[in-house]
Amino acid sequence: MEWHNISDPASAELDRLAERYQLHPLHVEDCRHRNQSAKIEEGQSYLFTVMKVIRFDPQDELEIADLDIFLGEGFLITVIETDCPETEGLIERVQKATADTDRSDQKYYRLIDEIVDSYLPILDRLSETLDRVEDEALASPSPQTLATIFETKRTLVQLRRVMVNTRDVASHLQRTESPLIARDMWPFLRDVYDHVARNLDTVEVLRDLLNGSLDVYLSSVANRTNQVMKVLTVLGTIALPTLAVSGIYGMNVKGLPGAESPYGLAAVFGLIVGTTALLLWILKRYGWF
Amino acid sequence: MEWHNISDPASAELDRLAERYQLHPLHVEDCRHRNQSAKIEEGQSYLFTVMKVIRFDPQDELEIADLDIFLGEGFLITVIETDCPETEGLIERVQKATADTDRSDQKYYRLIDEIVDSYLPILDRLSETLDRVEDEALASPSPQTLATIFETKRTLVQLRRVMVNTRDVASHLQRTESPLIARDMWPFLRDVYDHVARNLDTVEVLRDLLNGSLDVYLSSVANRTNQVMKVLTVLGTIALPTLAVSGIYGMNVKGLPGAESPYGLAAVFGLIVGTTALLLWILKRYGWF
Amino acid sequence: MEWHNISDPASAELDRLAERYQLHPLHVEDCRHRNQSAKIEEGQSYLFTVMKVIRFDPQDELEIADLDIFLGEGFLITVIETDCPETEGLIERVQKATADTDRSDQKYYRLIDEIVDSYLPILDRLSETLDRVEDEALASPSPQTLATIFETKRTLVQLRRVMVNTRDVASHLQRTESPLIARDMWPFLRDVYDHVARNLDTVEVLRDLLNGSLDVYLSSVANRTNQVMKVLTVLGTIALPTLAVSGIYGMNVKGLPGAESPYGLAAVFGLIVGTTALLLWILKRYGWF
Amino acid sequence: MEWHNISDPASAELDRLAERYQLHPLHVEDCRHRNQSAKIEEGQSYLFTVMKVIRFDPQDELEIADLDIFLGEGFLITVIETDCPETEGLIERVQKATADTDRSDQKYYRLIDEIVDSYLPILDRLSETLDRVEDEALASPSPQTLATIFETKRTLVQLRRVMVNTRDVASHLQRTESPLIARDMWPFLRDVYDHVARNLDTVEVLRDLLNGSLDVYLSSVANRTNQVMKVLTVLGTIALPTLAVSGIYGMNVKGLPGAESPYGLAAVFGLIVGTTALLLWILKRYGWF
Amino acid sequence: MEWHNISDPASAELDRLAERYQLHPLHVEDCRHRNQSAKIEEGQSYLFTVMKVIRFDPQDELEIADLDIFLGEGFLITVIETDCPETEGLIERVQKATADTDRSDQKYYRLIDEIVDSYLPILDRLSETLDRVEDEALASPSPQTLATIFETKRTLVQLRRVMVNTRDVASHLQRTESPLIARDMWPFLRDVYDHVARNLDTVEVLRDLLNGSLDVYLSSVANRTNQVMKVLTVLGTIALPTLAVSGIYGMNVKGLPGAESPYGLAAVFGLIVGTTALLLWILKRYGWF
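Listed in order, the protein sequences are those of chains A, B, C, D and E. If you count by our numbering, then the first sequence holds residues 1 to 289, one letter each, in order. If you count by our numbering, then the second sequence holds residues 1 to 289, one letter each, in order. If you count by our numbering, then the third sequence holds residues 1 to 289, one letter each, in order. If you count by our numbering, then the fourth sequence holds residues 1 to 289, one letter each, in order. If you count by our numbering, then the fifth sequence holds residues 1 to 289, one letter each, in order.
So here's chain A without its partners, still in its complex pose (with noise of 0.2 angstroms):
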């Protein structure tokens, strides 16, 4: 069984394998061109798979790199068509676990195992994000809060597409009956799919609740103005009568009751105090404070 692992689509190996497993040139151009969606074609006498890498860059970014795979009798043909660390690394674990079986259907499968796995810290990843947002949006809502959500919707939407994709993917292999993967592979192959779907169930699962932390922080915030309008408000009900009270005594205006008393100083102030309380008594009693 031979393994060609080719890190570079263009190059003209591509071509000479192509040429001598009658690679269909559809399946080249499709290595050639990035951005493939995930999925399964059975060419005529190999299956092909583009499968889908995925890591957070540097930059905290999601990167999607694809892997290409033929897997024929007798071989199997891996083509890396971005310059990923991620997919070299697990390239090279998968060929060091199976060094031990020239089987390539047990290569294949172990490939997509692994690929299928690696989504799994990715998932935990976003999830811990998504309590820090929600956190967040209840005790701090900030514009920061809406940035990272709708971030973290993007990268939702952009992992749902992939494990949708690899889903069918893993569907199509669970059902097919091709001559290439042997019968005892079949259990392996449910349980591929059984992981992808789980995958799919918790992206699904995020974007719920990231849409509900949406909701939340508009209510939050729509709260909070509440609070403010509030504090405004006793603040105004606090300045009033001292306002008042005090306008009405600086007016130039004879006669007005006290000013000339000793006591007046003293009765003014009563009115004051003697008003705000009351008000505040209102405001407490329909429950404001």
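Treat the hints as calculated values from the structure; they're not laboratory data. All values derive from a computational prediction rather than experimental measurement. Each hint should be verified, as a subset may be incorrect.
No copy labels: a pair is met if it fits in one copy or bridges any two.
[Said to hold, decoys possible] Pairs of lysine to any residue residues, derived as SDA-like cross-links and limited to a Cα-Cα distance of at most 20 angstroms, are as follows: (1) Lys230 <-> Gln144; (2) Lys96 <-> Ser118; (3) Lys39 <-> Ala197; (4) Lys284 <-> Ser142; (5) Lys254 <-> Val273; (6) Lys39 <-> Val28; (7) Lys96 <-> Arg110; (8) Lys284 <-> Glu136; (9) Lys284 <-> Ser140; (10) Lys284 <-> Ala139; (11) Lys230 <-> Pro143; (12) Lys39 <-> Val205; (13) Lys284 <-> Gly274; (14) Lys254 <-> Asp15; (15) Lys39 <-> Leu180; (16) Lys230 <-> Leu62.
Put chains B, C, D and E on the given structure of chain A with help from the hints.
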């Protein structure tokens, strides 16, 4: 008929049983990896079922434990994955209740049935939480309400996942024509399916109502802000004439009408009271209070 | 043909009938446990149907009672689970209306038909509530409106559940080729299905409109807050020049222009009125009122 | 070929025709009960179709009238349920247009086709309403806009119901191999189906856009409130220094700096203008206007 | 092989071709009525396809032109319905590119493929618009942003419609076993289907993100309003002690403490500054700024 109950999936006993009953390595592996989805798979000579036992832990968080069941000709193996009193109690209960029969399919049905029935009090509790949340959202929306809404949403999302998978298990059981389950059990399995379907239905209804209560929360807060604004405006309306008139009569300008007259004060007060009353009347006419 | 009507599912008569007609224990148990879903199940020699009778109780809450029906060769058993005047009246009505026939399938059809028809006035009433709620949400949104929206939502959620299950019953009846129902009844059963489907349709429409009215409520409140803010700002605009000018002329500072002049007062008033008018004109230009 | 057009479903003529052509009692009853859903049913020797004729009444409300059609070997019966000028005009139009043929299936197709085509101007009108509503929601959101949105929503909900049912009718017609419709009509019936499907599509698009315009309304109002708040705050900012400084210099306290000096007034004004300018500059820096 | 390209569907040439190749009158009519949906129909001896050519017109509005294609044994007829430079350019391009082959099915595939590929830059442009809108919604939400969101929504709704129909065309082509298309074209048609499906996927993703950006807009505005309110309240807090204290000391009442003392002014200022500082400290403690 033998019932092997294994409390520790890591124990060697599981391996011995696996060998004796020819359990598929993937199924044994599933027992040892937590957080499988509820599922059912037909092995060579047995049925492998993963069920979920759910309880609220003392911190009021949902705890979901796995229970793996192998149903074979003349044997039943249960594997308790997590150290969960709920699961152990449930198995004891079923063992006692089915002590009088030697049919493994009946014991198996009872297990499934008990697990499905155990979801009901959890749904009832969530339903009560929802009632409380709705009342709060209408009467006194607070950030705490928002937090409860979000927690309940998370719980429902988890529950839904369990329910959907359990329904698939029940649906499979209902359709299966496995020789391991005698024909007279069929109506009972159908009954289990009905219960699970109704549970799932309840979860969907609770989710729907919960989303509604978030909208109500937002609307309720918006309404309160509106009320606060009105109070603020009414306060402003009361203050305005007093401040304006007293400000004008406080000016060090000559010739303010009535400033020198003994009836001036009364006229000024009349002016203040009159304009205030007019403004309040206008607000009342437009239905502000 | 015998029609056994049992008002108390706990009575021993049900057991006697179960023995005589060989009713399945699960079905008898269903009669004794309330809150079954509406459903239909084919027994050995009979059709077991659970239907829901709905009414608004005096407190305006939805009350859903179970009516269990066994249709067999030459017999019809109805079990009234809850003590509900609605159900009893309905059965009496059907018994009278079908007194002239001895066919159990015709009586059975009439029962189902009457139950399905009884949903219509309930939907009409909800539709009226919705109309009222919409008008309120637009014209005078209040917390009471919100509470009504939420209650109606709950009611619709319950109704939907009943309708969906009843539709499944009707759909089963339409497709069944049970020998218990003569061929000439088929168009009538199809008619029942059409009615249920239309009812369900109405429930969906009402739900859709109800969600819309919640959005309208929120928008309406937001609009009102906007109006209140504008009033507050216009008030502030009217107050500002008076307060500023009178404050300035109230200062104990020498040389205020015109303070000593006999035309000072007129000039000051002119200043106040002029700046107020200018500000109001500016607000008007920007379309504030 | 005979075309019987009955304008009053209560008339005895319908009974005579029912007897003559052996129409099923349920179908005759359907003709006499308004508000049937659009539907098609195959009778013994005829096709029974209920179609909906829609128009805006003078009060701009949607009016939906039923038109029942029996298509049989050599006869066509149309029953106009409601006294609706639209329906009568439509039937006359079709009768004239098909005067040259004696095939009942061609007349039948023409009727269906005309009805389906008559939905188009109604959709166009709703589309125009939507355009207007969108512009209003963006430029000058008012409660009137909300009311129009809600009314349009109701109309679309009703239309959708009619369209869905009509599509089912068209789909049935397209699939039916009824001997009453000659093979050369099939492409034409497929054409009808295409038109209905496109109409339904348009309704869905309008609904989607309408929901969007409600969100835009809410966002637009929120934006306006934000603007009003800013104006209020700017007003407060302009007023603050004047009020504070003039208040301080209005105190009956000795030793206010510059109170006795001839340049005091200028200094005080400078202070007021300076702090106001500073505050406005700060607001401007943070992008408030 | 003959390729007839008709630029004016009203021309008599189309009638001549219709007669010569026995095109169905409904198809010819379709060519003459604009705004058909993209669709494919199998005629007696030919395939009739309606495709949509899309471009942004100079006013940045979406322009959708119909291109009708008849593929028959040895002939290809293209009908350009609208006077659209895009469509003409496209046809010329395909004619040149397929000048070396005489197979009509290859030319046909190339046409479809080119049209589908031409959607990509339009989607890219919308994706860029969306990026810009999101940034605006977060950083500086304005009514202009809202208007752009709504316009983009409309465009996406239109595009989605075209894509869905085009996918149905591609799906039909992929499944068809029409003798007009040789077997070696099948993988290529599958490729076309994949491209359309991916385009549709992108449209859905853009719609999802756009709806999200509307929510972000609303949340962002709410957040800003909250900020403005805080500034207003802080302003009020700063103003309050100054106005109250200066108002009190401005009263014409005897015995104000310190009014006569030389240190009175300092004490009053101390009081003002002290209470202001206290209030600000309180606000700061509650996390207002």
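Each hint tested on the structure:
1. Lys230 <-> Gln144: between (26 angstroms within a copy, 18 angstroms between copies)
2. Lys96 <-> Ser118: Within one copy, since 17 angstroms is at most 20 angstroms while 45 angstroms is not.
3. Lys39 <-> Ala197: both (15 angstroms within a copy, 12 angstroms between copies)
4. Lys284 <-> Ser142: between (30 angstroms within a copy, 17 angstroms between copies)
5. Lys254 <-> Val273: between (24 angstroms within a copy, 18 angstroms between copies)
6. Lys39 <-> Val28: Within one copy only: 14 angstroms inside, 31 angstroms across.
7. Lys96 <-> Arg110: within (11 angstroms within a copy, 45 angstroms between copies)
8. Lys284 <-> Glu136: between (30 angstroms within a copy, 19 angstroms between copies)
9. Lys284 <-> Ser140: Close across copies (14 angstroms), not inside one copy (26 angstroms); limit 20 angstroms.
10. Lys284 <-> Ala139: between (25 angstroms within a copy, 16 angstroms between copies)
11. Lys230 <-> Pro143: between (23 angstroms within a copy, 15 angstroms between copies)
12. Lys39 <-> Val205: Result: close only across copies, 19 angstroms inter versus 24 angstroms intra.
13. Lys284 <-> Gly274: within (15 angstroms within a copy, 27 angstroms between copies)
14. Lys254 <-> Asp15: neither (107 angstroms within a copy, 98 angstroms between copies)
15. Lys39 <-> Leu180: within (17 angstroms within a copy, 28 angstroms between copies)
16. Lys230 <-> Leu62: neither (43 angstroms within a copy, 37 angstroms between copies)
The earlier numbered hints that this structure contradicts are 14, 16.
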